[in-house]
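There are 2 protein chains.
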Amino acid sequence: MNGLLTDLYELTMAAGYFEAGKASEKATFELSVRRLPVCRNFVIAAGLPEVVDYLLNLSFTPEEVDYLRGLPQFRNASAKFFDYLRNFRFTGDLFSVPEGTPLFAGEPVLTVRAPLIEAQIPETYLLSAITFPSLVATKAARCVEVSGGREIVEFGTRRAHTPEAGVLGARASYIGGCSGTSNTLAGFRYGIPVMGTAAHSWVMSFPSESEAFRQLQRLLGEHTIQLIDTYDTLEGARQAAKLGKPIWGVRLDSGDLSSLSREVRAVLDEAGLADAKIMASGDLDEYRIRELVRGGAAIDAFGVGTQLATSGDAPAMGAIYKMVELDIGGIHRFTSKLSDAKVTFPGAKQVFRDVARDVIARSGECGNGEALLRPVILGGRLIEPLPSLEQARCRAARAIANLSPALRELEVTEPWPVIYSRELRALIDQTRRNLAP
Amino acid sequence: MNGLLTDLYELTMAAGYFEAGKASEKATFELSVRRLPVCRNFVIAAGLPEVVDYLLNLSFTPEEVDYLRGLPQFRNASAKFFDYLRNFRFTGDLFSVPEGTPLFAGEPVLTVRAPLIEAQIPETYLLSAITFPSLVATKAARCVEVSGGREIVEFGTRRAHTPEAGVLGARASYIGGCSGTSNTLAGFRYGIPVMGTAAHSWVMSFPSESEAFRQLQRLLGEHTIQLIDTYDTLEGARQAAKLGKPIWGVRLDSGDLSSLSREVRAVLDEAGLADAKIMASGDLDEYRIRELVRGGAAIDAFGVGTQLATSGDAPAMGAIYKMVELDIGGIHRFTSKLSDAKVTFPGAKQVFRDVARDVIARSGECGNGEALLRPVILGGRLIEPLPSLEQARCRAARAIANLSPALRELEVTEPWPVIYSRELRALIDQTRRNLAP
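First to last, the protein sequences are chains A and B.
Each residue of the first sequence is one higher than the one before, starting from 1 at the first, in the working numbering.
Each residue of the second sequence is one higher than the one before, starting from 1 at the first, in the working numbering.
Same shape as in the complex, but just chain A:
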């Protein structure tokens, strides 16, 4: 499954490794955060279940192998290589930080240790499977951080880069602290609370707004949220208020949310609906939410769509997947890329996090604090069930609460200290000397 869902060069390299007799060499690849996304002080790791599912099921159908066989790039590959692909399975190891872990620039998210070809092919899929949910979880955490305890609901599937990305984005948003999502499949699949009542088309489909509101209330009872901005927002608020209870509240989706929310609040209060809440949506992001909260908007919950589901201001992050170690019949070769700004560091690693800093060490070292990278798959088998979604969400919340106030701000600040252990620095120097021309 998914064997071809990778860049072609992973597969031409696979053929090349095979033909060069390197199929038995054991490689360690590291997926790491080279740079934080713009305007971010940390990134919340997410996406591990997709990585695990991919590695455990990675294979090629006969039709896929035939397709490769017909490509000019594989003209010189041997029949044995195609047999190898037909029987391909991932037999290696995966180490990963748990979902919900905040990470900083330079830190590994996961490590794959496997026969060279098995470790090479997953590069493309793993990068995509980790970076997108991590970006969304991070964006969600930023919205939650500035909401002053108000609920943030993920509304963005319609803007996600494919509907399925909407489902995974909803899951990532929940890890980042959203209290629910509008994505129904995310509720069905992951048990995330789902929210939703009616759109403008609902209101427009009835002869009058008040009839639309009445019908919705009949259906939803105390879960009713009346969308009041189809024609005139304050008139809509009055129509909703006239119907009285049961009602959860109303939603504003356009206009000056700050002043409208206060006017609507007054309408509701006057009608004896002090318990009725006001939800706001429409082009929101963490900056806008902060502004509304600081400005004293009478908003009890925010629905965030486009900016959250696409991580709009930072739709990509500079994560990399690099070979760091190669075991050729028991002889270890440490590998790194030394040209220009794209330097990578050699050797399998561990990250130790204590109260004052993170130490990136060699994988065998002892260290202080929490060791972030943990075994997930060994010898091609999942060693135990992954932490639940709720656990990932709690882990993120706890870890973010432990960050300094400055790191939790929206603006970029002095980075959290991340240093290399003495042993790792020695290995870097040694690798550099060995590679010097």
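Take the hints with a grain of salt, since some may be wrong.
Treat identical chains as interchangeable: a pair holds within one or across any two.
Simulated crosslink set (DSBU-like; lysine-lysine; CA at most 35 Å straight-line) [what the hints assert, rightly or not]:
#1 K26 - K245
#2 K26 - K80
#3 K80 - K22
#4 K277 - K22
#5 K245 - K277
#6 K277 - K26
#7 K277 - K242
#8 K245 - K80
#9 K22 - K245
Since the hints were derived computationally from the structure, they do not count as laboratory data.
Add chain B to chain A, keeping to what the hints say.
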């Protein structure tokens, strides 16, 4: 299939329409480009096959219906509604502009005409299925436009928002004019030319760069592209040149691409490899490509990843899906949203494009030029196979070539004239009067 892959409010509205006796009303919804994405003069429509596939297969499994039944929002829905969902099929009509059509602000991409519930539920999925590929096709067209005839290859799956988005992004890039993709599954599934040779890990896995280059050349022959920047780019170029032919060329992935490309060109030329090409990659977008081309970089092909696969500078677009008409037992009601900036216009529409302008008219009107919206699904059935991917790509290329030079620039310019027909304007006025409080 995919019944739950939608916002919950589509389904609560479905229940509400059903309970209010509106299931037999026939609605027309329009998916349109409210605003162009930032920095764009047009957007290339793409994603139609996903829309068709979704509508033809839309259904709910028994487990999905049970899930909805257990949600508090459906407590007051009747058993008949859940029976309705169990037997749900899309029986309506879809009209769409062909893939590869440039569209401008305010123009419809597609129209759904179906019983109200069947037209409402697809909103979320259709918006996502259309906007993402349209954004990527548009970004690709911009890169191709400034490349001066050099090949643009899509390299971005690893940055796409899910691996599957990478596949659909590769397809959209091809519509936009890319000559190929690194995504192997896109090649297998859609017949797009696939490209790829080796990564830095290939070079690092061998004891020396020259050995790595020799092995790659043995495998790929005249398709060989040596990645020369793992250690030292110019030394890499000399190593590649020393091996002579067969070779397609070399790839630069870091450093000052402009000056390095000229130095590498000199190395290749001196070695008698004047035919060998230079490909560049690494954080490229249409602005960088234009700068390199204008600056006389010796680059023959560009690999574009992150920015293309995420439409980095415009990762979302303001498309909307709005009810424009409702047929209640033969009586037509025209619907529009009138509050604030989010105005929508009533009535099913057609767009006529001639050499001087686009005219948005009512669907039954005659007009001059090409009628862009065409029937695709009628009565729940696909009326004929969709145009091929190659046809969509040609359509885009021809249509872009017909745009004025200013509209083809990267910078935003005077918009293409889009006007409303007299009949449509009359309908707008009439609807506004009817809705006035």
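For each hint, the structure was consulted:
1. In this assembly of identical chains, the alpha carbons of K26 and K245 lie at most 35 Å apart only when taken from different copies (32 Å versus 67 Å within one copy).
2. Proximity of K26 to K80 under the C-alpha cut-off of 35 Å is restricted to the intra-copy arrangement: shortest distance 20 Å within a copy versus 60 Å between copies.
3. For the homomeric pair K80 and K22, the shortest alpha-carbon distance inside one copy (14 Å) is at most 35 Å, but the shortest distance between copies (63 Å) is not.
4. Within a single copy, K277 and K22 get their C-alpha atoms only as close as 64 Å, which misses the 35 Å cut-off; across copies the closest is 29 Å, which meets it.
5. For the homomeric pair K245 and K277, the shortest alpha-carbon distance inside one copy (12 Å) is at most 35 Å, but the shortest distance between copies (72 Å) is not.
6. In the homo-oligomer, the alpha carbons of K277 and K26 lie at most 35 Å apart only across protomers (34 Å), although the nearest pairing inside one protomer, at 58 Å, exceeds that limit.
7. Taking the closest pair of Cα atoms, K277 and K242 come within 35 Å of each other only inside a single copy of the chain (15 Å); across copies the shortest separation is 73 Å, beyond that limit.
8. When the C-alpha separation of K245 and K80 is checked against a cutoff of 35 Å, the pair qualifies only between copies, where the shortest distance is 27 Å, while the shortest distance within a copy is 73 Å.
9. Taking CA atoms no more than 35 Å apart as the test, K22 paired with K245 passes between copies only; the shortest distance there is 25 Å, against 72 Å inside one copy.
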